[in-house]
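Q: For reference, the chains in residue letters:
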Amino acid sequence: MKELKLYLGPNHPGMHGNFSVHMYVDGDTIVRARPMPGMLHRGFEKLMERRLWMNNLALIPRICVPEPDTNEMVYAMAIEELTGIEVPEKAHWIRMIILELARIANHLMSLGGIGGPVGLYTGPNWGLADRDLILDIFEEITGARIYHMYIVPGGVRKDLSEEAIEKIKSFLDYLENRLPEYEDLIIKNPLFQRRTKDKLLLPAEVVWELGVTGIGMRSAVGEAYDIRKVDPYARYDQVEFYVPTANYSDGYTRVYFKYLETYQSIKIIRQILEKMPKKGKVWNKISSGSALRWRVPKGQVYTHVESARGEYGYYMVSEGEDKPYRVAVRGASYPQGLLGVEKYLPGTRIDDAALWMDTMGVCPPEIDR
Amino acid sequence: MNSTNDAKELIRILEKSFDIKDFTTPKKNEISIVVEQNNLPTILTYLKDKGWKQLSLITCVDWIKENKFELVYVLFNWSNGTTFVAKTKIERENPEYMSIIDIFPGAKYYERDIHEFFGVKFEGNLDSEKPLFLELWDDKPPMRKDFDPLEYSKRKFPDRKYDVEVSKNAVKDAIKEGEINERT
Chain Y
1 MKELKLYLGP NHPGMHGNFS VHMYVDGDTI VRARPMPGML HRGFEKLMER
51 RLWMNNLALI PRICVPEPDT NEMVYAMAIE ELTGIEVPEK AHWIRMIILE
101 LARIANHLMS LGGIGGPVGL YTGPNWGLAD RDLILDIFEE ITGARIYHMY
151 IVPGGVRKDL SEEAIEKIKS FLDYLENRLP EYEDLIIKNP LFQRRTKDKL
201 LLPAEVVWEL GVTGIGMRSA VGEAYDIRKV DPYARYDQVE FYVPTANYSD
251 GYTRVYFKYL ETYQSIKIIR QILEKMPKKG KVWNKISSGS ALRWRVPKGQ
301 VYTHVESARG EYGYYMVSEG EDKPYRVAVR GASYPQGLLG VEKYLPGTRI
351 DDAALWMDTM GVCPPEIDR
Chain Z
1 MNSTNDAKEL IRILEKSFDI KDFTTPKKNE ISIVVEQNNL PTILTYLKDK
51 GWKQLSLITC VDWIKENKFE LVYVLFNWSN GTTFVAKTKI ERENPEYMSI
101 IDIFPGAKYY ERDIHEFFGV KFEGNLDSEK PLFLELWDDK PPMRKDFDPL
151 EYSKRKFPDR KYDVEVSKNA VKDAIKEGEI NERT
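Just so you know, the sequences run in chain order Y and Z. Numbering follows full-length UniProt numbering, in which position 349 of the first sequence is assigned residue number 349; successive positions increment by one, without gaps. Numbering follows full-length UniProt numbering, in which position 102 of the second sequence is assigned residue number 102; successive positions increment by one, without gaps.
Chain Z on its own, in the form it takes in the complex:
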């Protein structure tokens, strides 16, 4: 699949059975869709049968203003070199979603990863709530936008000095005072 026409054809087939909220081609050989959360596992199963056999990545985006988490599933088809990105949004409060380990067993650790860093629970993945990276973590999941690393550091290591504010303003001051060239 190397043309937008083929991508449109695939989307047309998907649209017949599912409610596709949005469809884009962010770059050559990449299709991106936004779907209802209930439809996503079925779409992933369909795509797997159609050649998107590899799960490249599952990740999460925190849309804090909307109060939503967006789960992003990236699949790759080795026979036609096309990436398929399927996205869905879930509520940010008590976030929970279905596990896809029955479709892609490789999802097991990605889901654990997302649980640890965003707090999303995956129903059906028995290990998804076990700690993986962050031993003895006692704060909110660190990749959430409302997690403040500076506050966390101050609480954990009160004896250290923090120059973050100073360095943040240093760049602005340097530009204002002309110390940094507008070279580029």
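Excised from the complex, chain Y in its bound form:
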């Protein structure tokens, strides 16, 4: 028996982003695993302390590429809490549309992306192609495809056009018809099922130990623990949706939940389009004068939202200056990406390491922010 030291990553086709795992293997079984973040070295938190409140809007979406809008939302929410500014009614609904579209984009990328590590290469092609349709909508609404800088403190940057609304509606119809094909290609695929069913288990007690949230948590503890339900923000308390839960969290269940949650996001956006006020302001001024001179009142606040990967939060400290004194980012995938890797990869096979990262939704820039 010989123990070998191997690296998974920093660049690996089965994973999103740069993240390395140092593995000690015996045959093809992992004996020990050591997560090695720090391949990005972008220092977002330090950069934020040195930039104006408004300038940071261009920086924060870059923390997590698959779902950049959650960063804009928590950042805006924190500033709104500190300044006490009221967000216009219509802006709340528009923010929800953006967040749910981003959630679908993330789930599509992840659902298709799981095809990479299991060898179903049609999956990533489909996932990215369909996600691209959402990026088209974002481009129509915000002028940018990935980093939108659309959700700003006080509301959103501009109103939705009729064309954008039509585009969203036709995309939702398309996606609803398209999703069963994903089920046939991925969920029902024997290859995928053999690789994920009864594997990569996450027991309920471990969820609390690690601090895992999102799909990982809901698939293990059997409760609808979703911040949109438990501590609603924007107008999530006024829309109806169902949160899938289970008491058995294996790789298969977690991927299937992403599929089910995509349907729920479609349902939410349809309700928003019906309930959203037709007219009204979408942005309130934070303070008078140039946005380059904003000063946010002194205070400390923690705001959080439910991202596609779990609880995403910002702890923000303001000293009444034109820049934040401190911003700490709670990345949704921090617990499962570090302690989860160390504790739960040993005992699995080498080729399951990328699957763990994928099904748990590990997003490396949230860890090395």
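By construction, these hints were calculated from the structure, which means they are not laboratory data. Predicted model only: the values in this text are computed from it and were never measured. There's no promise every hint is true.
[What the hints assert, rightly or not] Where chain Z lies over chain Y, by a calculated footprint (3+ residues, C-beta under 8 Å):
hint, segment
1, 154-162
2, 325-332
[Unchecked claim] A few chain Z residues facing chain Y, derived, Cβ under 10 Å:
hint, residue
3, THR24
4, ASN29
5, VAL61
6, TYR109
7, GLY124
8, PRO131
9, LEU132
10, LYS145
[As the list claims (entries may be wrong)] Derived pair list, reagent style PhoX-like, types lysine-lysine, alpha-carbon separation capped at 20 Å:
hint, chain 1, residue 1, chain 2, residue 2
11, Y, LYS46, Z, LYS140
12, Z, LYS89, Y, LYS298
13, Y, LYS298, Z, LYS16
14, Z, LYS65, Z, LYS16
15, Z, LYS140, Y, LYS298
16, Y, LYS298, Z, LYS68
17, Y, LYS285, Y, LYS323
C-beta atoms are modelled at their ideal positions from N, C-alpha and C, and glycine is treated no differently.
Model the placement of chain Z on the given structure of chain Y, informed by the hints.
A: Frame of chain Y; chain Z shown alone:
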């Protein structure tokens, strides 16, 4: 717990046994307290028993003028949707604090993170001083307020040109000269 009254009730119970220095509700469903450093682990244990089972975040704030570090523990209660923020200050010189990995095992990596970026040692966490993000780092912890990234860059990469001062003044000049509108 959805009202300030419930928050006050919880604080009243905590105040009976501990010295709570400050209590605020920064937003709906959020309670924030400042406590003595010796009391914090006991309070966290009490809160965990009361339903704050999830450790969302541990972070640190550098109050350089006061010469203190503030450790911030964010807990979340899934059954009533309430966030609890517990804070305590420690000395900035040779900063050291107790690890809470016995209460929340998930704290292990947050403590390593804080050690790396602020230099706080956590007694009881055997891994807390191992490098995690910054390979071969040879300067003071980078999230401290007195760490100067520009000086560090100049020392590490002396051949590069740095236009930081130029760009810093460019915005000020542009506003002064009216090139940037006071649109908002």
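Q: Does LYS68 of chain Z lie within 20 Å of LYS298 of chain Y when you go C-alpha to C-alpha?
A: Holds, at roughly 18 Å.
Q: Would the hint on GLY124 of chain Z stand, with a C-beta cut-off of 10 Å toward chain Y?
A: violated, 16 Å
Q: Min Cβ distance, PRO131 of chain Z to chain Y: is it shorter than 10 Å?
A: Holds - the Cβ of PRO131 of chain Z comes within 10 Å of chain Y, reaching about 8 Å at its closest.
Q: Would you check chain Z against the segment 325-332 of chain Y, counting CB to CB pairs closer than 8 Å, and say if three or more residues qualify?
A: With 4 residues closer than 8 Å to chain Z, the segment 325-332 of chain Y meets the three-residue bar; holds.
Q: Quick check: the segment 154-162 of chain Y, covered by chain Z? Criterion 3+ residues, Cβ under 8 Å.
A: violated (count 0)
Q: So, THR24 of chain Z near chain Y? Judge it on the closest CB pair being under 10 Å.
A: Because about 8 Å separates THR24 of chain Z from the closest Cβ in chain Y, which is inside the 10 Å limit, the hint holds.
Q: Can the restraint linking LYS298 of chain Y and LYS16 of chain Z be considered satisfied, given a maximum Cα separation of 20 Å?
A: Violated, at about 30 Å.
Q: Within a Cα-Cα threshold of 20 Å, do LYS46 of chain Y and LYS140 of chain Z meet the stated pairing?
A: holds, 14 Å
Q: Should the hint that TYR109 of chain Z touches chain Y count as held when the rule is a Cβ pair under 10 Å?
A: holds, 4 Å
Q: Holds or violated: LYS140 of chain Z with LYS298 of chain Y, Cα cutoff 20 Å?
A: Violated, at about 28 Å.
Q: Holds or violated: are the alpha carbons of LYS285 of chain Y and LYS323 of chain Y at most 20 Å from each other?
A: With Cα atoms ~17 Å apart, LYS285 of chain Y and LYS323 of chain Y stay inside 20 Å; holds.
Q: Hold the hint about LEU132 of chain Z up to the distance rule: shortest CB distance to chain Y must be less than 10 Å.
A: holds, 7 Å
Figure legend: structure checked against the earlier numbered hints; hints not met, in rising order: 1, 7, 13, 14, 15.
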